[in-house]
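Here the protein sequences come in this chain order: A and B. End of the first sequence = 589 in my numbering, gap-free, step of one. End of the second sequence = 324 in my numbering, gap-free, step of one.
Note that these hints are calculated values from the structure, not bench results. Glycine residues also receive a C-beta, built at the ideal position from the N, C-alpha and C atoms. Keep in mind that a hint or two might mislead.
Stated by the list, open to error - Derived EDC-like pairs: lysine to aspartate or glutamate, alpha-carbon spacing no greater than 16 Å straight-line:
hint	chain 1	residue 1	chain 2	residue 2
1	B	Lys43	B	Glu13
2	A	Lys487	A	Glu325
3	A	Lys357	A	Asp516
4	A	Lys433	B	Asp56
5	A	Lys433	B	Glu52
Said to hold, decoys possible - Simulated coverage check for chain A against chain B, where a stretch passes if three residues somewhere in it have a Cβ under 8 Å from a Cβ of chain B:
hint	stretch
6	354-363
7	367-376
8	546-554
Said to hold, decoys possible - Simulated DEER-style distance windows between Cβ atoms:
hint	chain 1	residue 1	chain 2	residue 2	range
9	B	Pro166	A	Asp516	37 to 43 Å
10	A	Gly344	B	Glu244	45 to 51 Å
11	B	Tyr282	A	Gly344	42 to 48 Å
12	B	Ile126	A	Lys488	49 to 55 Å
13	A	Glu580	B	Ala274	23 to 29 Å
14	A	Lys375	B	Asp285	55 to 61 Å
15	B	Pro23	A	Lys375	36 to 42 Å
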Amino acid sequence: MKIAPPPTGPVPWQPELALAMVRDMLRIRRMEERAAELYGEQKIRGFLHLYIGEEAVATGAIHALEAEDNIVATYREHGHALLRGMPMRTIMAEMYGKREGCSRGRGGSMHLFDAKLRLYGGNAIVAGGLPLAVGLALADKLQGVRRVTACFFGEGAMAEGAFHEALNLAALWKVPALFCCENNLYAMGTALARSESQTDLCAKAASYGVPTAKVDGQDIVAVHEAAKKAQQHVREGKGPFFVELQTYRYRAHSMFDPELYRAKQEVEEWKTRGPLHTFTARLKAEGKLTEEQFLALDAEVAKEVEDAVAFAEAGSWEPVEDLTRDVTAA
Amino acid sequence: MKKISYREAMREALREALAADPRVFLMGEDVGRYGGTYAVSKGLLQEFGPERIRDTPLSELGFTGAGIGAALGGMRPIVEVMTVNFSLLALDQIVNTASLYRHMSGGQFSVPLVIRMATGAGRQIAAQHSHSLENWYAHIPGIKVLAPATVEDARGMLAPALADPDPVVIFEHAALYNTEGELPEPWSTDIKSAMVRKPGSAVSLITYGGSLPKTLEAAQMLAKEGIDAEVVDLRVLRPLDDETIMASVAKCRRAVIVDEGWKTGSLAAELMARIVEQAFYELDAPLARVCSEEVPMPYAKHMEQAALPQPDKIVAAAKGLFG
Chain A
260 MKIAPPPTGP
270 VPWQPELALA
280 MVRDMLRIRR
290 MEERAAELYG
300 EQKIRGFLHL
310 YIGEEAVATG
320 AIHALEAEDN
330 IVATYREHGH
340 ALLRGMPMRT
350 IMAEMYGKRE
360 GCSRGRGGSM
370 HLFDAKLRLY
380 GGNAIVAGGL
390 PLAVGLALAD
400 KLQGVRRVTA
410 CFFGEGAMAE
420 GAFHEALNLA
430 ALWKVPALFC
440 CENNLYAMGT
450 ALARSESQTD
460 LCAKAASYGV
470 PTAKVDGQDI
480 VAVHEAAKKA
490 QQHVREGKGP
500 FFVELQTYRY
510 RAHSMFDPEL
520 YRAKQEVEEW
530 KTRGPLHTFT
540 ARLKAEGKLT
550 EEQFLALDAE
560 VAKEVEDAVA
570 FAEAGSWEPV
580 EDLTRDVTAA
Chain B
2 MKKISYREAM
12 REALREALAA
22 DPRVFLMGED
32 VGRYGGTYAV
42 SKGLLQEFGP
52 ERIRDTPLSE
62 LGFTGAGIGA
72 ALGGMRPIVE
82 VMTVNFSLLA
92 LDQIVNTASL
102 YRHMSGGQFS
112 VPLVIRMATG
122 AGRQIAAQHS
132 HSLENWYAHI
142 PGIKVLAPAT
152 VEDARGMLAP
162 ALADPDPVVI
172 FEHAALYNTE
182 GELPEPWSTD
192 IKSAMVRKPG
202 SAVSLITYGG
212 SLPKTLEAAQ
222 MLAKEGIDAE
232 VVDLRVLRPL
242 DDETIMASVA
252 KCRRAVIVDE
262 GWKTGSLAAE
272 LMARIVEQAF
282 YELDAPLARV
292 CSEEVPMPYA
302 KHMEQAALPQ
312 PDKIVAAAKG
322 LFG
């Protein structure tokens, strides 16, 4: 596969927004790098799916949303939870399995939930969140609430029936749902062309009459600008919108993945398109970011990460007596 | 008291729920213009409009998941799935999302969703429309499972199901829709307990759903032979009302479970296990059960009837406990 050159071009944003984007991508990156280390130390167990390499997608998209919007995400959702406003402490504690985590340690890395932040998971059934998103959007429409439900999923989800049922329902009922496909080219280890007879993902959404946009997911400027337009379409009551964000996962699918399905060279080539360093390079070239500023941001984020780890370390275990609590309300 | 059919009772319950709460809406395949596959929702589209009587495409997974999302989003959806066989297409959303969101989120989320579906055999519509899989649902923590068997329960169970903060699955046995009964006023709205439908003292016949009329008939046949059978209607399949079940077993000292599900891994098996755990020393005879034969439900009438629990089989099983 031919890999496109790194994203370039002017950044049409005020320095404040640009710095916020850098900061948030860094927060995801550093939190997850630390999580990978903690996995090695067996502090975090189970599955751990890292978003490293894909940060521009969640960052650019979530910055286009409003605080009251709904978010439905997948099992690779640490970044989405963080940018939605979940404290890094709470995320880290959940990954540790501690009671201070967002889900009391019951969900772990794949199941970050926050009812107040309107974050509906953290869904580890591929495509499982799509029908849910249609329902959330339908509820808003029926209640006259002007809100967008943003649903994130991988391209692997598009082979599931749930994707097709959900897109059809969303279009048929014209619900305010924004479908964000994070196309990282591999469904676990199965490359797109090996799992989909039609590799043009936008064509699939378009077949339901849903408007689409194909976006370079490594270019945060492109992601954010496309997401702004898409969410506006949805918010104005014009029905659902589908965005394909073309991205790449630099780490393994999960910590159990030996990566037999792709060449190291391919990963290295994609790293030249890394969302963080290409964006900071553009900002520096425009004089919107200095190396000192970047290092200061990085140091600030490092503190946040260490604070989160300390919080998780100091956390407590849910008492076993609470095992059957919350199976049902009563 | 007024005479009413099970179908009309269900429709009245739906109408009342829709009128009482603007958050309630009904969705499913052909619930609107067609009037409902079993005509339960007939006329409701004209009364409540297409937003609230919402026809869906043939997408059980999609619209059940949308029901879950709408419930999370503040609505009180009622999802109608045409039959339990088709509900298997929606099982992922019910088991992997609806049932576990509360627990897995540490108690943050509530899914106040009602799912109604037809179940059971007896109408010669063969193996892909006639199975009785209530026990699959009763296996799952986090949901409530109801089996209204009388017009009173068809009329009364929907409102408390909608008021319940957790997912509730209601099984309507297709052979019951045309049955008629007296509707008492006020009707019961309890979705917690099993009920004794006919008191007796010699043998406890424990059943639910479409097997209730057959079991009551068997009790009459047994009475003619001098055996005073008690009939317990489970009504709620999860959580089971152990107290009522064990009280009946302790009183009668003999029990037969009647369950339209297949014997292997059945609800009957669960009931027998519970009785052995909780009331073994009350028993004067081994437990017995009458279940469906372990075959896909045949089309031909004589074969279908042969596959199902029948009054004569229940009578034989009960008499077998009296050595």
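Now the hints, each set against the structure:
1. A hinted pair counts as satisfied when its Cα atoms are at most 16 Å apart, and lysine 43 (chain B) with glutamate 13 (chain B) qualifies at roughly 11 Å.
2. A threshold of 16 Å between alpha carbons decides the hint, and for lysine 487 (chain A) with glutamate 325 (chain A) the separation of about 10 Å falls inside it, so the pair holds.
3. Between lysine 357 (chain A) and aspartate 516 (chain A), the direct Cα distance comes to roughly 26 Å. Violation of the 16 Å bound is thereby established for this hinted pair.
4. Distance restraint check for lysine 433 (chain A) and aspartate 56 (chain B): the Cα-Cα separation of roughly 14 Å lies within the 16 Å cut-off, and the hinted pair is therefore satisfied.
5. Our distance criterion of 16 Å between C-alpha atoms is met by lysine 433 (chain A) and glutamate 52 (chain B), whose separation comes to about 12 Å.
6. For the stretch 354-363 of chain A, the stated coverage by chain B holds: 4 residues have a C-beta nearer than 8 Å to a C-beta of that chain, and at least 3 were required.
7. Given as covered by chain B, the stretch 367-376 of chain A passes the check, having 4 residues with a CB less than 8 Å from a CB of that chain where 3 are the minimum.
8. Taking a C-beta to C-beta cut-off of 8 Å, the stretch 546-554 of chain A contributes 0 residues in contact with chain B, too few for the three needed, and the coverage statement is violated.
9. Restraint check, proline 166 (chain B) to aspartate 516 (chain A): a C-beta distance of roughly 39 Å satisfies the suggested window 37 to 43 Å.
10. Distance hint check for glycine 344 (chain A) and glutamate 244 (chain B): the Cβ-Cβ separation is about 47 Å, which falls inside the suggested range of 45 to 51 Å.
11. Checking the proposed 42 to 48 Å range against tyrosine 282 (chain B) and glycine 344 (chain A) shows it is violated: the Cβ atoms sit about 58 Å from each other.
12. Between isoleucine 126 (chain B) and lysine 488 (chain A), the C-beta spacing of about 50 Å keeps the proposed range 49 to 55 Å intact.
13. Separation of glutamate 580 (chain A) from alanine 274 (chain B) is about 26 Å and conforms to the stated range, judged on CB atoms against 23 to 29 Å.
14. Restraint check, lysine 375 (chain A) to aspartate 285 (chain B): a C-beta distance of roughly 58 Å satisfies the suggested window 55 to 61 Å.
15. At about 25 Å, the beta-carbon gap between proline 23 (chain B) and lysine 375 (chain A) misses the expected band of 36 to 42 Å.
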